[in-house]
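Student: Generate the whole structure from the sequences, applying the supplied hints.
Which chain is which? The protein sequence lines are A and B, in order. For the first sequence, our numbering gives the first residue as 82, with consecutive numbering after it. For the second sequence, our numbering gives the first residue as 82, with consecutive numbering after it.
Rather than coming from a laboratory, the hints here were simulated on the basis of the structure. Worth double-checking, as some hints may not be accurate.
Same chains, same names: a pair is fine if it fits in one copy or spans any two.
[To be verified] Derived pair list, reagent style DSBU-like, types lysine-lysine, alpha-carbon separation capped at 30 Å: (1) 395 - 354; (2) 162 - 395; (3) 160 - 274; (4) 218 - 395; (5) 340 - 395.
Number of protein chains: 2
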Amino acid sequence: MQIALDAMAGDHGPEDLIAGALLAAEQAGLEVSLVGDEPLLQDYIDKLAPAPELLDLIKIVHASQVIEMNEHPVDAIRKKKDSSVMVAFDLLKQGKVEAVVSAGNSGATMAAGVRKLGRLNGVSRPGIASVFPTLKKPVILMDIGANVDCRPQHLFQFAVMASAFSRVLDISNPSVGLLTIGEETGKGNNLIKETFPLLQNSSLNFIGNVEGRDVFQGNVDVIVCDGFVGNICLKISEGLAEAAMMMLRDEILKSWMAKLGYLMARPAFKRFKKRVDYATYGGAPLLGLAGTGIICHGKSSSEAIKNAIIEASKMVKHNINQDIQRSLNSEENRV
Amino acid sequence: MQIALDAMAGDHGPEDLIAGALLAAEQAGLEVSLVGDEPLLQDYIDKLAPAPELLDLIKIVHASQVIEMNEHPVDAIRKKKDSSVMVAFDLLKQGKVEAVVSAGNSGATMAAGVRKLGRLNGVSRPGIASVFPTLKKPVILMDIGANVDCRPQHLFQFAVMASAFSRVLDISNPSVGLLTIGEETGKGNNLIKETFPLLQNSSLNFIGNVEGRDVFQGNVDVIVCDGFVGNICLKISEGLAEAAMMMLRDEILKSWMAKLGYLMARPAFKRFKKRVDYATYGGAPLLGLAGTGIICHGKSSSEAIKNAIIEASKMVKHNINQDIQRSLNSEENRV
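Tutor: Below, the structure written as structure tokens:
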């Protein structure tokens, strides 16, 4: 299976991205089209000097432009038609690859996907899902930022799409919760109150309202919210994890005994870090597009890029988009 | 100064609450009226057997009913007119105490406050602020749950009220950020886009948009958001902190070396825990009421209750409500 990787985007530059592609080729036998400045990418490949059998799985597709992290998504894709992300989605449109992975400007990636591929039939708003580590199994949160002002129908479709995606994580009959404040029915803002009956009357495995507290408990498979709330959840969690680690480090550095203790417990800390690291969970799938796309964190390591490429291949193998389409149609027919 | 403590509400029962009142009396010389079932409270006081000079600072005011955590706030205050929280706010209305502290049903506490005291002149919606620990100085987030559907004017007033409250934390000229997704002007949902100019044209020290990531950095003093978003921020932070601690513990328990290391680093962990513990920061002030009220977490320790009582006395001493009133009037006159 051929997957396009936007090899120019991300905070660290092409080297980690290419290394991720090579890992995906090595560990999963996937073919990767690196999209970006050909001479530059060729230099990095020469530097990394992969084994010839891996090199056979990698190709370069030239793109002359790059969309920067701080550019306005819609303006950027309009102006930079030969940007790496636009070229990558064009390869998908032409059937030359089966999925696109990018660690670049996520708004621009979504916009490029919608521009090149369009939406699946019946999808009002494509969205971005994210997989969070929890105490038990991972949880899928959707939307995490594509749609800041939502109507109940949008949240309902997020639930349908994220439920279909859950098969990539080997979850069957995923439970779905509606993120709000207070677990009782009828608690929340107007959007939540109007979304509740749509979910309740659907064929989804809807378990009712869940609270912010429940996100990391791992008692629900899919949590839906609008993209404004979802993005704040994502960012506040990242920010808290980072701040807490720094505060703990501060305190440990205050005494030699604590430092020594920390050194002894370091393997446990490393396992903990791996367990909560988003890199382990691949990227954030764009759901609702007529094609498969995955957004990675700008800071993604080569390990995270590898996992995202493998995740993309699983989405294709599991026919997630057909599933979304089928579920949406069957929900439509219930009404 | 006399402060009323709802001595019946909270997850742990009256003992911790009374112990908190005794600590406030001992450490800050504050007088506390314990409101609740008189014989029951008397039994607890006898059991705790405080020194006579402390006992002089404590009195009991009888209330025959209790509002439970899961009761509907507005129904509950309507039905239970002799509940501890209603009686406490009645004491404040009558001028017998200068503030109310409760660790009970926060919706009911807010509703009781509004019912008994009303709002400050010009306040559209009273709200609840919360103080979060961060890498640097604490940050005040408002609203954290009283108002789930807000208009721009409400968020603007939260900014004014939380800025006034910041004097309790010895902050002068507090910086104010608007919680949204993406730091650039114009990023966010419709509510945020419409609130931005109100803050920009005010005399507040408005620094623009902040992201979820910024909450725990400590680079801003006041962050405003609607109560739906704020409550989810609060709950997701609590949930993540709890889940992360459990995951870390799991990993540490896997090896004797890590266990030993942890024991050696334990004082550092304890300092860390104290630094992030909400108990250290007292309770959540109800802002916009024509009187001073503080809500504590249901799980509050006696230490947290003590801090909340002291915080209430500081709000009174600093004339926070007069300040709110003055700021709102002067902002009105600017328009």
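Student: Could you run down the list of hints and mark each one as holding or not?
Tutor: Results of checking the hints against the structure:
1. In this assembly of identical chains, residue 395 and residue 354 lie within 30 Å of each other by CA distance solely inside one copy; the values are 25 Å within and 41 Å between copies.
2. Taking the shortest Cα distances, residue 162 and residue 395 sit within 30 Å of each other inside one copy (29 Å), while across copies they are farther apart (60 Å).
3. For the homomeric pair residue 160 and residue 274, the shortest alpha-carbon distance between copies (25 Å) is at most 30 Å, but the shortest distance inside one copy (41 Å) is not.
4. Proximity of residue 218 and residue 395 under a CA criterion of 30 Å is satisfied intra-copy only: 18 Å inside one chain copy versus 45 Å between copies.
5. When the C-alpha separation of residue 340 and residue 395 is checked against a cutoff of 30 Å, the pair qualifies neither within a copy, at 43 Å, nor between copies, at 39 Å.
Hint compliance for this structure: hint 5 alone is broken.
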